[in-house]
Amino acid sequence: MEALLFVLGIPLAGGAVLGLVGHRDSASDLNVAFSFATFVATAVLTAQIIADGPILVLHEQFFVDPLNVFLVTLTAFVAFTTALFARPYMRIERDHGKMTPPRMRLFHSMYQLFSFTMLLALLTNNMGLLWVAMEAATLTTVLLVAVYRTPASLEAAWKYFILCGVGIAQALFGTILLYLASERVIVAEGGGLLWTNLDAAKGSLEPTVMALAFVFMLIGYGTKVGLAPLHNWLPDAHAEGPTPISAVLSGLLLNVALYAILRCKVLTDGALQTRFAGDLMIGFGLLSVVLAAFFLSRQRDIKRMFAYSSIEHMGLITFAFGMGGQIASFAGLLHMTVHSLIKSAIFFTVGHASQKAGTQVMDQIRGLMRVSPTVGWGLMLGSLAILGMPPFGVFASEFLILTTAMRDFPWATPLLLLALGVAFAAMLGKVQPMVFGETTVKPLAHPPALIPVFVHLALGLMLGLYIPPYLDNWYQQAARLIAGG
Amino acid sequence: MPGLVTQLINLFAVMLLLLSFALLSQRRVLSLIHLFTLQGATLVMSTTAMAFFTGQPHLYYSAALTFVLKVVMIPWLLHRLIVRLNVRWDIEMLINIPTTMLLGIVLVIFAFNLALPISQLSVSVARGTLGIALACVLLSFLMMITRTKAIPQVIGFLAMENALFFAATSATYGMPMVVELGIALDVLVGMIILGVFMFQIREQFDSLDIRHLEKLKED
Numbered sequence: 001m002e003a004l005l006f007v008l009g010i011p012l013a014g015g016a017v018l019g020l021v022g023h024r025d026s027a028s029d030l031n032v033a034f035s036f037a038t039f040v041a042t043a044v045l046t047a048q049i050i051a052d053g054p055i056l057v058l059h060e061q062f063f064v065d066p067l068n069v070f071l072v073t074l075t076a077f078v079a080f081t082t083a084l085f086a087r088p089y090m091r092i093e094r095d096h097g098k099m100t101p102p103r104m105r106l107f108h109s110m111y112q113l114f115s116f117t118m119l120l121a122l123l124t125n126n127m128g129l130l131w132v133a134m135e136a137a138t139l140t141t142v143l144l145v146a147v148y149r150t151p152a153s154l155e156a157a158w159k160y161f162i163l164c165g166v167g168i169a170q171a172l173f174g175t176i177l178l179y180l181a182s183e184r185v186i187v188a189e190g191g192g193l194l195w196t197n198l199d200a201a202k203g204s205l206e207p208t209v210m211a212l213a214f215v216f217m218l219i220g221y222g223t224k225v226g227l228a229p230l231h232n233w234l235p236d237a238h239a240e241g242p243t244p245i246s247a248v249l250s251g252l253l254l255n256v257a258l259y260a261i262l263r264c265k266v267l268t269d270g271a272l273q274t275r276f277a278g279d280l281m282i283g284f285g286l287l288s289v290v291l292a293a294f295f296l297s298r299q300r301d302i303k304r305m306f307a308y309s310s311i312e313h314m315g316l317i318t319f320a321f322g323m324g325g326q327i328a329s330f331a332g333l334l335h336m337t338v339h340s341l342i343k344s345a346i347f348f349t350v351g352h353a354s355q356k357a358g359t360q361v362m363d364q365i366r367g368l369m370r371v372s373p374t375v376g377w378g379l380m381l382g383s384l385a386i387l388g389m390p391p392f393g394v395f396a397s398e399f400l401i402l403t404t405a406m407r408d409f410p411w412a413t414p415l416l417l418l419a420l421g422v423a424f425a426a427m428l429g430k431v432q433p434m435v436f437g438e439t440t441v442k443p444l445a446h447p448p449a450l451i452p453v454f455v456h457l458a459l460g461l462m463l464g465l466y467i468p469p470y471l472d473n474w475y476q477q478a479a480r481l482i483a484g485g
Numbered sequence: 486m487p488g489l490v491t492q493l494i495n496l497f498a499v500m501l502l503l504l505s506f507a508l509l510s511q512r513r514v515l516s517l518i519h520l521f522t523l524q525g526a527t528l529v530m531s532t533t534a535m536a537f538f539t540g541q542p543h544l545y546y547s548a549a550l551t552f553v554l555k556v557v558m559i560p561w562l563l564h565r566l567i568v569r570l571n572v573r574w575d576i577e578m579l580i581n582i583p584t585t586m587l588l589g590i591v592l593v594i595f596a597f598n599l600a601l602p603i604s605q606l607s608v609s610v611a612r613g614t615l616g617i618a619l620a621c622v623l624l625s626f627l628m629m630i631t632r633t634k635a636i637p638q639v640i641g642f643l644a645m646e647n648a649l650f651f652a653a654t655s656a657t658y659g660m661p662m663v664v665e666l667g668i669a670l671d672v673l674v675g676m677i678i679l680g681v682f683m684f685q686i687r688e689q690f691d692s693l694d695i696r697h698l699e700k701l702k703e704d
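Protein chains in written order, with the numbering used here: chain A, 1 to 485; chain B, 486 to 704.
In case anyone wonders, no lab produced these hints; they're calculated from the structure. Any given hint could be a false lead.
[Claimed, not checked] Here are a few chain B residues that sit away from chain A, every Cβ distance over 10 Å (derived from the structure): (1) 513; (2) 552; (3) 571; (4) 580; (5) 587; (6) 619.
[To be verified] Taking lysine to any residue pairs in the SDA-like style, the calculated list, with each CA pair at most 25 Å apart, reads: (7) A/98 to B/681; (8) B/634 to A/98; (9) A/442 to B/634; (10) A/98 to B/689.
[To be verified] Just some of the chain B residues that point at chain A, by a computed CB distance under 7 Å: (11) 601; (12) 602; (13) 653; (14) 657; (15) 660; (16) 667; (17) 683; (18) 686.
The beta-carbon is built from N, C-alpha and C at its ideal position, and this holds for glycine as well.
Using the sequences and the accompanying hints, generate a full structural model.
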């Protein structure tokens, strides 16, 4: 209970404090300190949940179960390492004249508030508050996407705001329909949107209403996950915003939006007792994987390329959860974890690489290995890991997803393999000349923080080789929850 | 008595739908803001009527909240915005008005059909209005698609929020209070951010025409 208050309170306080002093030189250290404190609080919370089991607190408005506790830890961890990375990165941006003190203050304050909205979305038991937190997450990041004030960044931010705003409005309509369905079943005052109540009563929720509610929520939250054909905002927002924001958008926001869909799916499956929700997710997931793989091969901007790779992976995860069942859900959760770790690590190296080269155009970034072996190796290993090379964790989860697909949905397997192959060839072909060969890049003024990169990659590697028993146990429990077994 | 309530709520619902069509066909920015304010006022009246007839006290609060937010604050912010940005007259559309209206009618029919099975399940006195609310959402959506300037797009966005709010109050007697407060906060903050944002766009492009914002193509 206290730990939960700290988990939510620290980033909120951090947002307020950094809103006042975020322009000072020490603000980036303070940002790291707040993120670290949040991470410690989530670690304590997690330890308590492992020891005592799920909790339901504060008038039942907040709850922690195996599904969200692992995402809470992951979110706080990636937020902490990204803050570490942002410290030198944003200083270099400031020295280049791209960031002024007021913009630094905006960045630091909004970074903490964004962490807060992510954790709130994960921890709340109220489907309405979940919606509020997801919308607030857009609001906190939209000004950050436009922080450089270039025409392209303003365009990206406008697109992000309008598309996600419209998308999230659909999710609100879905939430209203959900409430309409629950009103007939749940009589407790103000309890009609509490997930625990809905979960207990899901068998008696009206199927027609729930089916329509799920469609609206899948479209709404799916826009934020970046599912095709609603993905248009994602590459722009990733490419034009500061790199730490690209890292947290890819590593955290997409996961949390998918988490919202999963919560709805559990309820819809319970009410409908058919494969309706799963089939929709398979369709959207497969379309995203295939479209993203082909768009990926046509990109020239390095951050756009990895943004498309995020769409591809989120599509794959959606596909996995759509298949349902214990193994596929397990694989989906594992893939969420490793994608989040490795993709943020890639964005860290990409950020420094494009700072060194002074451009995000891939043709003009050459020979990173000569100037900075750590950035070069980080980018190379990260790309190999995200492409699903063994022994990294992505291989393990993709293998599980593909084998399940072969068994249950054989027609989908060739499409998946084709998309993965295209992505592999395209990305490796573009990353290789950037890393090896003659160099065009310059050293940096501030030593880059590359420890987070290798910590993330090491964790991704570990998850591919060995999943610790308690983590395995978590995944199993969460997968059971999603699969409804 | 329930017959009268239903009639009254249906009347407000029809007014909302008419106002949505009016927004869709209006060319002047200032009139758009007036129409939006009127839509907010209709929403306040329908929520108050619901609160009075159903005896749900929290609906009074949400009516008050709507009044403050959508009849006073947001129109005031919009007025200030267009005065400061000096964009009172010009609106261009991608499709001409009669075609837009016809499209709107198609959307309304679609929405009514979609909502029909659900309306029959609702326990609310105003269940017939769910289709109208959905139609308003889709009409606002159409408005956002067909406008090329930033401010009409934003008004379309806000009108969509209004329609959703109407769906919440009419079909379900309102969402739990904590959710409504959260939504109100999001709308207000979003409005302020958009205001900031429009100044940045103007500063950069000397115009609020969002056709400038189409450089980032898929390639």
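Structure-based check of all given hints:
1. 513: holds, 22 Å
2. 552: Non-interface label stands for residue 552 of chain B: nearest chain A Cβ at 20 Å, farther than 10 Å.
3. 571: holds, 19 Å
4. 580: Label holds. Min Cβ-Cβ 18 Å, cutoff 10 Å.
5. 587: Answer for residue 587 of chain B: holds, closest chain A Cβ roughly 22 Å.
6. 619: The claim breaks: residue 619 of chain B does not keep its Cβ more than 10 Å from every Cβ of chain A (closest is about 7 Å).
7. A/98 to B/681: holds, 19 Å
8. B/634 to A/98: Violated, at roughly 28 Å.
9. A/442 to B/634: This hinted pair is violated, its Cα atoms lying about 42 Å apart.
10. A/98 to B/689: holds, 15 Å
11. 601: Violated: closest Cβ of chain A sits about 10 Å from residue 601 of chain B, beyond 7 Å.
12. 602: Hint holds; residue 602 of chain B Cβ to chain A Cβ min 5 Å, cut 7 Å.
13. 653: Holds - the Cβ of residue 653 of chain B comes within 7 Å of chain A, reaching about 5 Å at its closest.
14. 657: holds, 5 Å
15. 660: holds, 6 Å
16. 667: holds, 3 Å
17. 683: Violated: closest Cβ of chain A sits about 9 Å from residue 683 of chain B, beyond 7 Å.
18. 686: holds, 5 Å
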